[in-house]
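> Construct the entire structure; sequences and hints are all you get.
Number of protein chains: 2
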Amino acid sequence: MTKILILGGGGMIGQKLARRISENDIFPAVDLTLFDIAFPPGGVPAKCVTGSVSDPATAQSLAATRPDVIFHLAAIVSGQAEAEFDLGWDVNMMSMWHLLNALKDEHDGSGGTYRPRLVFTSSIAVFGGPYPDKIDDEFLSAPQTSYGAQKAACELMVNDFSRKGFIDGLSLRLPTICVRPGKANAAASSFFSGIIREPLNGVEAILPVADTVRHWHASPRTAATFLTHAATLDTAKLEGRRALNLPGFSCTVAEQIEAMRRLAGQSAVDLIKPQPDEMIMKIVEGWPRNFDPQRAISLGFVAEQSFDEIIEVYMQDDLGQS
Amino acid sequence: MTKILILGGGGMIGQKLARRISENDIFPAVDLTLFDIAFPPGGVPAKCVTGSVSDPATAQSLAATRPDVIFHLAAIVSGQAEAEFDLGWDVNMMSMWHLLNALKDEHDGSGGTYRPRLVFTSSIAVFGGPYPDKIDDEFLSAPQTSYGAQKAACELMVNDFSRKGFIDGLSLRLPTICVRPGKANAAASSFFSGIIREPLNGVEAILPVADTVRHWHASPRTAATFLTHAATLDTAKLEGRRALNLPGFSCTVAEQIEAMRRLAGQSAVDLIKPQPDEMIMKIVEGWPRNFDPQRAISLGFVAEQSFDEIIEVYMQDDLGQS
Chain B
432 MTKILILGGG
442 GMIGQKLARR
452 ISENDIFPAV
462 DLTLFDIAFP
472 PGGVPAKCVT
482 GSVSDPATAQ
492 SLAATRPDVI
502 FHLAAIVSGQ
512 AEAEFDLGWD
522 VNMMSMWHLL
532 NALKDEHDGS
542 GGTYRPRLVF
552 TSSIAVFGGP
562 YPDKIDDEFL
572 SAPQTSYGAQ
582 KAACELMVND
592 FSRKGFIDGL
602 SLRLPTICVR
612 PGKANAAASS
622 FFSGIIREPL
632 NGVEAILPVA
642 DTVRHWHASP
652 RTAATFLTHA
662 ATLDTAKLEG
672 RRALNLPGFS
682 CTVAEQIEAM
692 RRLAGQSAVD
702 LIKPQPDEMI
712 MKIVEGWPRN
722 FDPQRAISLG
732 FVAEQSFDEI
742 IEVYMQDDLG
752 QS
Chain Y
432 MTKILILGGG
442 GMIGQKLARR
452 ISENDIFPAV
462 DLTLFDIAFP
472 PGGVPAKCVT
482 GSVSDPATAQ
492 SLAATRPDVI
502 FHLAAIVSGQ
512 AEAEFDLGWD
522 VNMMSMWHLL
532 NALKDEHDGS
542 GGTYRPRLVF
552 TSSIAVFGGP
562 YPDKIDDEFL
572 SAPQTSYGAQ
582 KAACELMVND
592 FSRKGFIDGL
602 SLRLPTICVR
612 PGKANAAASS
622 FFSGIIREPL
632 NGVEAILPVA
642 DTVRHWHASP
652 RTAATFLTHA
662 ATLDTAKLEG
672 RRALNLPGFS
682 CTVAEQIEAM
692 RRLAGQSAVD
702 LIKPQPDEMI
712 MKIVEGWPRN
722 FDPQRAISLG
732 FVAEQSFDEI
742 IEVYMQDDLG
752 QS
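As they're listed, the protein sequences go chains B and Y. My numbering puts the first residue of the first sequence at 432, with every later residue one more than the last. My numbering puts the first residue of the second sequence at 432, with every later residue one more than the last.
Please note that the accuracy of each hint is not assured.
Remember, identical chains collapse to one label, so a pair may be satisfied in a single copy or spanning two.
Derived lysine-lysine pairs resembling DSS-like cross-links, with alpha carbons at most 27 Å apart [stated by the list, open to error]:
1. K713 with K668
2. K535 with K668
3. K713 with K535
4. K565 with K704
5. K614 with K713
6. K713 with K595
7. K434 with K713
8. K704 with K614
9. K565 with K668
10. K434 with K668
11. K595 with K704
12. K434 with K614
13. K565 with K434
14. K595 with K434
15. K595 with K478
16. K535 with K478
17. K565 with K713
18. K704 with K478
19. K704 with K668
The set of hints was computed from the structure by calculation and includes no laboratory data.
Here you go:
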């Protein structure tokens with residue numbers, strides 16, 4: 432029996448991950464618990480616990496159930512963390528601090544036998560410019576947003592608690608996940624999905640940046656695959672560097688739009704309305720555009736090879752097309 | 432009037448810094464307060480406040496005095512942070528968290544006018560191997576000690592609180608400070624000073640590593656100069672990357688010993704007793720050996736150009752020789 436806990440299990444990635452775990456034989460026999468502030472109606476059937484990860488008592492009670500694998504996906508997204516400084520640091524950093532200390536207490540209380548796998552969703556927002564053409568695995572983390580700084584601080588803690596043997600953790604610097612199903616969220620990156628999702632659903636979409644903007648993408652299906660791969664990886668292969676730049680596909684907004692034209696025609700493209708937004712342009716300008724993630728590739732992480740493929744995943748998984 | 436607060440003002444660097452500030456006209460008129468858990472007898476004359484930086488109420492009361500410049504040097508040293516995990520994270524990371532939040536409260540309370548300069552002593556321990564021959568300004572921070580992880584986490588916070596305008600901070604990744612006067616401390620790097628200091632005082636010294644070990648050094652005098660330079664630097668020049676690799680001098684233990692032979696003769700060298708220590712060897716093996724700190728050099732930070740010079744500074748400043 433593998434006891435699995437997903438923090439942020441009510442979110443989009445959390446639900447995709449829960450479904451992947453439920454419907455596949457990745458883990459021998461699964462006892463799955465989802466934790467979040469709220470859950471979507473008609474979500475994946477599993478034990479659902481409602482609460483806030485930033486409450487130390489909650490961290491303790493979750494740790495006391497001694498999950499074998501914990502996925503920590505819960506976060507305040509980038510736009511909101513920038514607007515609500517205290518909330519961002521509290522949820523995005525202090526919740527990790529409380530969780531790690533609670534897990535360490537369980538480790539100590541078990542006489543050192545309890546040592547859960549912790550898979551943490553970090554982000555390419557840990558990077559800040561100026562950038563090389565492709566960011567390699569040795570490029571510094573110099574975040575220029577609160578969200579990025581909070582994720583980077585969590586990576587340091589996950590690494591150190593792991594090095595000391597209290598947990599066995601790793602941090603995945605996810606590409607921007609695209610195409611996100613459902614509604615736009617407060618992430619400044621939300622439009623990268625919106626300009627594909629809305630037109631494919633016959634709805635107008637706002638494009639707040641120039642179509643020359645280049646970015647780094649992977650699908651929600653790939654994100655769920657990254658997470659289960661990380662949960663079953665031999666962490667000795669990480670050689671003490673437990674934060675990984677993951678593979679993705681780099682393209683411009685114009686190339687995203689061309690891919691949609693190929694798959695859904697000009698009528699879909701016509702639904703994209705350029706409407707420059709200075710604030711979003713400024714945030715996105717500071718983001719990475721391309722990577723050379725050799726370590727993750729050699730560790731078996733695999734992403735899409737074209738933006739067409741990324742759109743097709745959305746059409747299959749979320750629009751029910753074959 | 433410049434109101435200056437030195438956290439860790441009772442320590443070796445704190446005292447050197449306090450003396451440098453008191454005896455020079457770096458700041459127009461100085462109101463100097465030193466804060467530490469204890470102060471040395473016969474220390475630099477200044478207002479001395481005793482307490483622990485890890486107490487949130489203390490952070491608040493210190494911030495409420497609204498210093499113009501705060502030097503944060505207080506830390507649990509590397510060896511102790513490795514042995515006492517909870518204490519290390521509490522003092523080395525959480526104290527920064529409490530301090531920054533207290534300063535942010537003062538900033539908010541002042542209607543945004545209070546925005547102190549914060550100079551934080553980080554460390555080359557933020558780096559972890561494998562290393563290039565010389566670490567450049569874009570090399571990742573992947574610490575392999577708790578001390579290094581705590582310093583790196585503080586750098587992220589200092590950067591983000593500064594970016595948001597609550598403080599105007601920067602983090603200095605100091606080389607190993609050598610030759611430290613006084614007694615050996617619990618830092619794993621303590622022997623780099625001990626093998627010079629003890630023989631120059633006619634006392635035997637233990638060398639716990641091979642003399643082929645290469646390391647990165649600067650004198651205490653240079654450390655104090657770095658700190659005041661950082662306090663008066665135009666931080667706009669940092670362009671959002673507020674953690675700096677500082678200049679130093681790279682040499683092997685054998686080269687340290689040769690420099691001492693030139694300055695103090697064979698009789699001093701004969702007092703060094705090799706006595707390999709597996710634990711210290713293992714820690715030191717993970718440390719950086721050489722840097723190419725171009726940003727800091729272009730910003731006007733200057734260090735010694737030879738180990739002879741580093742020994743001479745000790746003989747002048749701490750042994751009273753000319």
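> Compare the structure with each hint and give your call.
Okay, the hints, checked on the actual structure:
{"no.": "1", "hint": "K713 with K668", "result": "between (38 Å within a copy, 20 Å between copies)"}
{"no.": "2", "hint": "K535 with K668", "result": "within (23 Å within a copy, 41 Å between copies)"}
{"no.": "3", "hint": "K713 with K535", "result": "between (40 Å within a copy, 24 Å between copies)"}
{"no.": "4", "hint": "K565 with K704", "result": "neither (30 Å within a copy, 49 Å between copies)"}
{"no.": "5", "hint": "K614 with K713", "result": "within (23 Å within a copy, 52 Å between copies)"}
{"no.": "6", "hint": "K713 with K595", "result": "between (40 Å within a copy, 15 Å between copies)"}
{"no.": "7", "hint": "K434 with K713", "result": "neither (43 Å within a copy, 36 Å between copies)"}
{"no.": "8", "hint": "K704 with K614", "result": "within (17 Å within a copy, 70 Å between copies)"}
{"no.": "9", "hint": "K565 with K668", "result": "both (24 Å within a copy, 25 Å between copies)"}
{"no.": "10", "hint": "K434 with K668", "result": "within (24 Å within a copy, 51 Å between copies)"}
{"no.": "11", "hint": "K595 with K704", "result": "neither (52 Å within a copy, 32 Å between copies)"}
{"no.": "12", "hint": "K434 with K614", "result": "neither (31 Å within a copy, 51 Å between copies)"}
{"no.": "13", "hint": "K565 with K434", "result": "neither (38 Å within a copy, 45 Å between copies)"}
{"no.": "14", "hint": "K595 with K434", "result": "within (23 Å within a copy, 41 Å between copies)"}
{"no.": "15", "hint": "K595 with K478", "result": "neither (31 Å within a copy, 40 Å between copies)"}
{"no.": "16", "hint": "K535 with K478", "result": "within (24 Å within a copy, 40 Å between copies)"}
{"no.": "17", "hint": "K565 with K713", "result": "within (20 Å within a copy, 34 Å between copies)"}
{"no.": "18", "hint": "K704 with K478", "result": "neither (42 Å within a copy, 63 Å between copies)"}
{"no.": "19", "hint": "K704 with K668", "result": "neither (47 Å within a copy, 38 Å between copies)"}
The structure fails to meet hints 4, 7, 11, 12, 13, 15, 18, 19 from the earlier list, while all remaining hints are met.
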